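Peer 1: The sequence shown begins at 4 in the numbering used here and counts up by one.
Any given hint could be a false lead.
Said to hold, decoys possible - Derived DSBU-like pairs: lysine-lysine, alpha-carbon spacing no greater than 30 Å straight-line:
1. K32 to K230
2. K155 to K83
3. K32 to K225
4. K83 to K102
5. K153 to K32
6. K225 to K342
7. K369 to K155
8. K456 to K134
9. K291 to K332
10. K26 to K75
11. K63 to K127
12. K157 to K102
13. K332 to K400
14. K102 to K35
15. K225 to K47
16. K432 to K395
17. K11 to K155
18. K134 to K153
19. K47 to K24
20. K208 to K369
21. K286 to K395
22. K75 to K155
23. K230 to K254
24. K288 to K369
25. K208 to K230
26. K153 to K456
27. K297 to K456
28. K157 to K230
29. K47 to K25
30. K127 to K26
31. K433 to K419
32. K225 to K297
33. K313 to K395
34. K230 to K297
35. K82 to K157
36. K153 to K63
37. K297 to K433
38. K332 to K395
39. K26 to K102
Hint data in this document are derived by calculation from the structure and do not stem from the laboratory.
Note that this is a predicted model, so its numbers are computed, not measured.
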Amino acid sequence: MNSRNIEKHFDNIAADYDYWKKKSWYYHKLIKQLFSTFVPTNQKVLEIGCGTGDVLTFLKPSLGYGVDISEKMVRIARKKYPALHFLKQGIEDLNIRQKFDYIVLADLIDHLPDIFVALLSLRKACHNNTKVIISTINPFWEPFLDLAEKLKLKMPEGEHNWVPLTSLTSLIEIADYEIIESGYRLLMPIYIPILSNVINHFFQKIPVLKNFGFVQYIIFRKIPLKKSRALNCSVIIPAFNEEDNIDPCIKRIPQIGKNMEIIVVDDGSTDSTSKIVRSIIPKEKRVKLISLSKNRGKVWAVKEGFDRAKGPVLIILDADMSVPPEELKYFYQILASGKAEFINGTRMFYPLENQSMRQLNLWGNKIFGIIFSWMMQRNISDTLCGTKALLKNDYQKISMGGDPWGDFDLLFGATKLGLSVKEFPIHYKKRVAGESKMKTINHGIILTIMCLKGLYELKIKNKYSL
């Protein structure tokens, strides 16, 4: 997913956009009503991802601006509603001098290539009392919508994010906003006379049912930015037979923190991984090499790197670059600003690059994420994302060696210590070179064992009760 492809997709469907909206008139009617309950008339309103302008005009603003990445959408909106202002802009490049009372994003989050960057950009259009209101589709409905699209019963969506409400609210808070209200609406998104209105008016208030609402919504406002402390940072790269990846991986790591060291831990590689790192060290003073005599597994490579690290901030980066090294800066910023004490990367926000993860692995990660979230009483959508960050003082209180990768040692340890755990979405890429070390069946068995271990340690032995 990237901005150019998104722009092209919406340009392609612009001519038929209003046709598709008429086919789903009931849903779009209720979306407009939802926003109008939170936005009084005669306010300064900005809609980002305005499409052809219907939501914006329904809100009856005193000053209305709509921006959209699609030039063709903007042209149609200008013809339909000449009294309003429509601009061709992407949210990441928002360039409006005006400040607004309300900013609305109707189903835009689902199509953003980088939600966090978009949230930061939003601040430029906010004054201190601006309320931002977003709606997005509940991931529960993904298979139903996929089927409807294949049957040509709904508008083609293109690449799509499916982000649960809890994960989205957490990311909004990381971007220095305060959540005012959030929830679900619209249990019945299609119109069936009498039945739809009854279900959406009465049944969506029932606690067991309300989380299945078609629409997720969040209202929030900005708070002062939390400044990051200037801390030293140690990036640990566990590597096993990564001769084709290790050089570009090191080169792509940005400068992070006050001072930074990059510790490559060669876990008994039989190729030229260590030799390549040694050739880099004279030119790159921040790089250090630890060579283990035999392959013991990722957890021991991570532990060795953590033990020898000098920085108070510790970040793990896999050598295969499936997590873009450029995104490590966000993990540092979250820790250094005190927004969390443990950062867990997640691959479950954005569409996965082709062949970056097997389908069976993907569904396994989702299922285990639900189980571990329940056990840990924290929102964990992806237990096995290799990129994690924490402070060395906290790491030194955690016992390592209980699982092959170290992910569960760190997650269970953070839970037992009562650390503030936040997830941060990464853009998961297919491995540049070499083969994945993950073995679906064997590692699925290990994950099951880790579930049982977590159940005992966190739900039975620990302070939590079943």
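Peer 1: Run the distance test for K47 versus K25: straight-line Cα separation, threshold 30 Å.
Peer 2: At roughly 27 Å apart (the allowed maximum being 30 Å), K25 and K47 satisfy the hint.
Peer 1: Would the pair K297 and K456 pass a check requiring their Cα atoms to be no farther apart than 30 Å?
Peer 2: holds (28 Å)
Peer 1: Has the given pair, K157 with K230, been kept, meaning a C-alpha gap of at most 30 Å?
Peer 2: violated (45 Å)
Peer 1: Hint check: K208 vs K369, CA-CA at most 30 Å. Holds or violated?
Peer 2: holds (27 Å)
Peer 1: Sort out whether K155 lies within 30 Å of K75, counting only the CA atoms.
Peer 2: holds (22 Å)
Peer 1: Has the given pair, K332 with K395, been kept, meaning a C-alpha gap of at most 30 Å?
Peer 2: holds (17 Å)
Peer 1: Taken at face value, is the distance from the CA of K433 to the CA of K297 at most 30 Å?
Peer 2: holds (27 Å)
Peer 1: Does K102 sit within 30 Å of K26, going by the straight-line distance between their CA atoms?
Peer 2: violated (35 Å)
Peer 1: Starting from K32, check that the Cα of K225 is at most 30 Å away, please.
Peer 2: The given pair, whose Cα atoms are some 29 Å apart, holds under the 30 Å limit.
Peer 1: Hey, K82 versus K157, does the alpha-carbon distance stay inside 30 Å?
Peer 2: Cα-Cα ~25 Å, so holds.
Peer 1: Given the hint that K288 pairs with K369, test it: the Cα-Cα distance must not exceed 30 Å.
Peer 2: Since the Cα atoms of K288 and K369 sit roughly 40 Å apart, the hinted pair is violated (cutoff 30 Å).
Peer 1: For a C-alpha distance cap of 30 Å, please report whether K155 and K83 respect it.
Peer 2: Holds: K155 and K83 sit about 26 Å apart, inside 30 Å.
Figure legend: structure checked against the earlier numbered hints; hints not met, in rising order: 1, 8, 12, 18, 24, 25, 26, 28, 30, 31, 32, 34, 36, 39.
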